[in-house]
Amino acid sequence: MAIAPAKTDLLELYEQMLLIRVFETEAERQYKAARIGGYCHLSSGQEATCVGVIEAMQEEDLLVTGYRSHGFALARGTSPEAVMAELFGKKDGCAHGRGGSMHLLDTERGYYGGWGIVGGQLPLATGLALALVRQGKRQAVVCELGDGAVNMGAWHESLNLAALWKLPVVFLVVNNRYGMGTAVKRASAEPELYKRASAYRMHGEAVEGDELEAVIAATARLLDRAREEREPAVLEANTYRYRGHSVADAGLAYRTREEIAEHQERDPLLRVAARLRDAGASTDALREIDQRVEERVEQAVMFATESPDPDVDSLAWAMYSQGSDEQFERMRPGSPFGEQELVFDGGLGK
Amino acid sequence: MAIAPAKTDLLELYEQMLLIRVFETEAERQYKAARIGGYCHLSSGQEATCVGVIEAMQEEDLLVTGYRSHGFALARGTSPEAVMAELFGKKDGCAHGRGGSMHLLDTERGYYGGWGIVGGQLPLATGLALALVRQGKRQAVVCELGDGAVNMGAWHESLNLAALWKLPVVFLVVNNRYGMGTAVKRASAEPELYKRASAYRMHGEAVEGDELEAVIAATARLLDRAREEREPAVLEANTYRYRGHSVADAGLAYRTREEIAEHQERDPLLRVAARLRDAGASTDALREIDQRVEERVEQAVMFATESPDPDVDSLAWAMYSQGSDEQFERMRPGSPFGEQELVFDGGLGK
Amino acid sequence: MSAATEHRQQDAPATGTERMTYREALRLALREELTRDERVFIMGEEVGVFEGSYKVTAGLMAEFGADRVRDTPISEEGFVGAGVGAAMLGERPVVEIMTLNFLLVAMDQVINHAAKIGAMFGGEVRCPLVIRTPNGAGNQLTAQHSQSFDGWFAGTPGLKVVTPANPADAKGLLKAAIRDDDPVLVIENLPIYKEKGDVPLDPEHVVPIGRAAVAREGSDITIVSHSFATVRALHVAEKLASEKGIEAEVVDLRSLRPLDVETVAQSVAKTNRALCVEEGWPSYGVTAELAARISKACFDDLDAPVERVGMAEVPLPYAKNLESAAMPTEDRIANAVLSVLS
Amino acid sequence: MSAATEHRQQDAPATGTERMTYREALRLALREELTRDERVFIMGEEVGVFEGSYKVTAGLMAEFGADRVRDTPISEEGFVGAGVGAAMLGERPVVEIMTLNFLLVAMDQVINHAAKIGAMFGGEVRCPLVIRTPNGAGNQLTAQHSQSFDGWFAGTPGLKVVTPANPADAKGLLKAAIRDDDPVLVIENLPIYKEKGDVPLDPEHVVPIGRAAVAREGSDITIVSHSFATVRALHVAEKLASEKGIEAEVVDLRSLRPLDVETVAQSVAKTNRALCVEEGWPSYGVTAELAARISKACFDDLDAPVERVGMAEVPLPYAKNLESAAMPTEDRIANAVLSVLS
Ligand SMILES: Cc1ncc(C[n+]2csc(CCOP(=O)(O)OP(=O)(O)O)c2C)c(N)n1
Ligand SMILES: Cc1ncc(C[n+]2csc(CCOP(=O)(O)OP(=O)(O)O)c2C)c(N)n1
Ligand SMILES: [Mg+2]
Ligand SMILES: [Mg+2]
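Residue numbers (this note's numbering), protein chains in the order written: chain R, 1 to 350; chain L, 1001 to 1350; chain Z, 2001 to 2342; chain G, 3001 to 3342.
Bound conformation, chain R alone:
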């Protein structure tokens, strides 16, 4: 894992960032074409944070995020096909069409899920870190949350536990300035969010979340501390959300077009592209990347389109573990109309 990525690395990282940008643009298009439903939260504008944090993680490190998770999944290496298929609610989605946009996961890559309840993932991440310690593993957990989530009680209880028990977890606060329509200073009495770590004698720091190298360096350092010294930390990555809170939100009721434009001038992708050119990358090389990314996303859409729907009689799939059918066998008599067909006969723990 490179602290200051060499040009070749930088090209790869640029490609990952671009993949996220293009994927999200496509996701929005597909949502409006009604091929994606539910809530759909895009990471556009936050690519440097997604890619930088993941780049700094080791292969064995674990990841937990909120619902704005496409960028992290893609950066972590989950295929665009598996992600898009999940957004389409198809069988080949990374959660087999059960979770959708908010609930991506990829346990093979240590990604333990996108979660939908603000702050709800923090206690879980603390528990993952506790399990790592109990198992004597030298791994760390990255727990992503938003600026709005720092006002939930779960933040407080989780940080206290992590610090008290010296758990290897880095709480990554993605500060994109707003929780839905609420600006940070309207929600947090301490708007410099990383400073809240001190209430637990925990280290906290902020990083310019649109500066890829800075994100990589800070994350790598804090993850090392977590792994080696079992010191948890808070890392606040300051970035900006280009699109609305979700695809359903125009995103203009609480901020101005000017504000958005201003941030887009400092676009994280443009910054990396500029540095690549300085480092001698040719326009062709970059154009090539553009094309490759466009194709991958097109492929993802094709794959998702062709992937089959989950079979309806697997409605209760995996709700319970193997063997639970037997436990539920005797719940049938007098069961509400339809429940038997829908749940029991369809099978519970298949």
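Heads up, a few of these hints could be off.
Derived BS3-like pairs (lysine-lysine); straight-line CA-CA distance at most 25 Å [as the list claims (entries may be wrong)]: (1) R:Lys32 - Z:Lys2055; (2) R:Lys137 - R:Lys91; (3) Z:Lys2270 - Z:Lys2244; (4) R:Lys32 - R:Lys91; (5) L:Lys1195 - R:Lys195; (6) R:Lys185 - R:Lys195; (7) G:Lys3055 - G:Lys3196; (8) L:Lys1166 - R:Lys185; (9) L:Lys1166 - R:Lys195; (10) R:Lys185 - Z:Lys2055; (11) L:Lys1032 - G:Lys3055; (12) G:Lys3244 - G:Lys3194; (13) L:Lys1185 - R:Lys185; (14) L:Lys1166 - R:Lys166; (15) R:Lys195 - L:Lys1185; (16) L:Lys1032 - G:Lys3194; (17) G:Lys3239 - G:Lys3194; (18) L:Lys1195 - R:Lys166; (19) Z:Lys2194 - R:Lys32; (20) G:Lys3239 - G:Lys3196; (21) L:Lys1166 - L:Lys1137; (22) G:Lys3055 - L:Lys1185; (23) Z:Lys2270 - Z:Lys2239.
Because the hints were derived from the structure by calculation, they are not lab data.
Everything numeric in this text was worked out from a predicted model, so none of it was measured.
Starting from the structure of chain R, add chains L, Z and G with the ligands where the hints point.
Leaving out everything else, chains L, Z and G with the ligands in the frame of chain R:
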């Protein structure tokens, strides 16, 4: 309200502290005689904090506490009769026998209740302060909680709201070293609890909770700020709990007899008595106070003993407001056996 | 009654009805009550600047200011509890929770604080708190965002729970809740927000708590439902009438606590058959209580067992086809009616 | 199976039974499972140094160390969630919540996280979590500390809920819960902790989840109950037999989810009458589901409506006389039996 109480004031305050000490000793006796049931948490050893805080409050200020509430109620002026009758579960108790030891209250004196869920009273206190602001009142709220309660999510959410909205509330953390059997340092990653206020850009400070004058001065200062500048604050009062967590706990599994004895040498009552003698109070004067207090507690027990039980057919008393009977009128058919007699016919909103 | 109230009474009340959405009816109720009583204020996430995640409070912050339409951080436990405390001092907080799912993080304040105050303190304090929040599923919001815990609150002594199923009741029940001296949970519903209906303009139009409504008369079977299930039931009833000549009576509960069993029992005594429908999971759900009450109160009247339809008992999956299969669709309800009648 | 397990299998298993309290039976189950499987660990408030608020875990920290018997701060949401996370990585956390009342502050982690994991992630992750906590009332603990929300959890797909009513089941069901690959809520009961019974010493003694037990045979009426209500029911049954010659069959549910309706229905088909009893509030409670199921499954068998007895629907008052009047006492149960039989 006196910052440095004159001798006469000090005599009164001493009498209040002694009243608490004697009352609690009697409560424990009555509990063991099975005249008091449920959970019963004593304030013995914490008298200077109870009396000092209340002394610093103005008449219009409001009070909310946890379940360890006898001392605060007595200091606030609720009669020992009304408190003891509540512990006995009698009609003349301050909550008419409905609440018991954990749920004392006295709205005439601005006491909005003892509450039993750790941390649960913090959001309520914040709401009381919000109401005061909306009503344009120049009053403040004192919200008591224990050292164990600072690890609940409710602490975090309430302090953030109080600071964000500039609410006139002082969070009084009564640090008696233990939450049940758990020492502060085993529960809080930041064991200097008042420092946690900084996570909300809120003022926090600690005070020697067994020093009456110090408690009065600190509380008065913070309440003035709350009233005049609408600045909330955390005041940590360091004291010690002599008895077990509740009367049911011997209180020795997690601390030594020596530790308790050590604190008893620095007993808050002895300190005030000593200062009174220095100030020329005669031994007779003090003995007189002793007698008066003993008599008041005896009277309280007599009163509580003679006070009638609540009438059983008022089981549902005040569960709902006046007029709710009509709303519930049609819930009778098919109601579970006994519910009708027990709830509906007994009356709901009487 | 506050000064504001006194004053308001003098204006000539608007009369007649106007066609509007459920969302607009709720907004009208809020505006009227904010105007009538200055103790009333709104508090919740995104209710102000953002104008409400579902736009129920749109325009109210501009009209009544940031003090009376108060945006909060994401801290449900904190601001629900703040509502409880404010209510204890006589304010009339109307707290919005974005969806019922999020009330889980504030459960302790609702169940173990708001609901306890009246009785536990022997009547010395009251808690006139209103919590507004939508339940419901059907837009692929997935397992964490598609739940209806209605019965949990309805089973809690000390609370009142109302569940309007149309715009007129939305206005009337929300106003009743705001004027009630006890904590009331107003369970709205996502799919109904856009439904239209005629709404009385009279600012004194209040729907009494604890009174069900016969939403459709019929003689063959009684369908008992609340919230969105009532909308489904009414469609099914019309379809069965025109296609099969089956006349189903639909009883819309409107309140879950108090529960108007009397109206339900009267209807079943007439039709001799009952089907209970809910959006949530039926096992240990609202329809369990209904089936239990009906089976007892109408023991001698019933010609067939009381049937129940609700959401399939699974964490609701995302995929559209799975979600549809899990919902208490009109087809499933219609089939249930036929099976009860056969 | 972990190395520890393999190893253990070789020891000769203890046999026979021993008379012990419910509390001791739970402790025995914990000790056996801690010994059998190193993935098992205990976490909760006061479980270690204090030896458990109700002494269930007494001695275990000394025996297994502070890592496997872990004291926590007062942060139910935090450590229940930590249990969920640890379980996702294959650990076997056994989380103790002092009483069921306090689970309200951790509701979101139980209902919207633990219960969702298996289905929502398409089977990619599992959550073998156990939460142990007592319900119940009767010691003047007052409104905030005397509740039984059993039905709320039993109504949540993704969870399993067991409610042992005697020492043998306490051991057997807790062990079954710990060995189960899904989140299981083990609802214990305050008054039963001190009850004694014969407990199998075989470390492989496991009571299957989802199987009710006929705790007493009878022919006149079926009393269906769980947890402490079963203890009450058994006393009542003996009393009615000796005093009135009434033979009541008592079905102890043992599991609420899955619910063994089959055993209940078989019994009612034989006795033709049913009374459902619970410690909690009956409206929208466990007895609602029971009455609904029985009324449907035994529609043609029932000679009388299914009756229900539970806690009076009030926040439980402190005063002893009021509390007693509110509880589902043996007298109230006996009267209910007589009214069903009349
Ligand atoms: C407990 C809870 N309350 C409310 C919501 C609704 N909600 C979803 S996202 C969101 C805003 C979160 O903002 P932030 O934490 O800054 O994350 P971002 O969306 O900016 O990535 C809210 C209020 C929720 N999902 N969970
Ligand atoms: C949410 C919750 N969890 C657990 C309990 C059980 N309990 C009652 S008091 C207590 C200890 C509280 O200690 P502290 O806050 O220091 O107050 P103290 O008893 O020392 O006055 C606990 C764990 C509770 N009442 N509420
Ligand atoms: Mg944000
Ligand atoms: Mg303490």
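So, against the hints stated earlier in the document, which numbers end up violated here? 2, 12, 13 and 14
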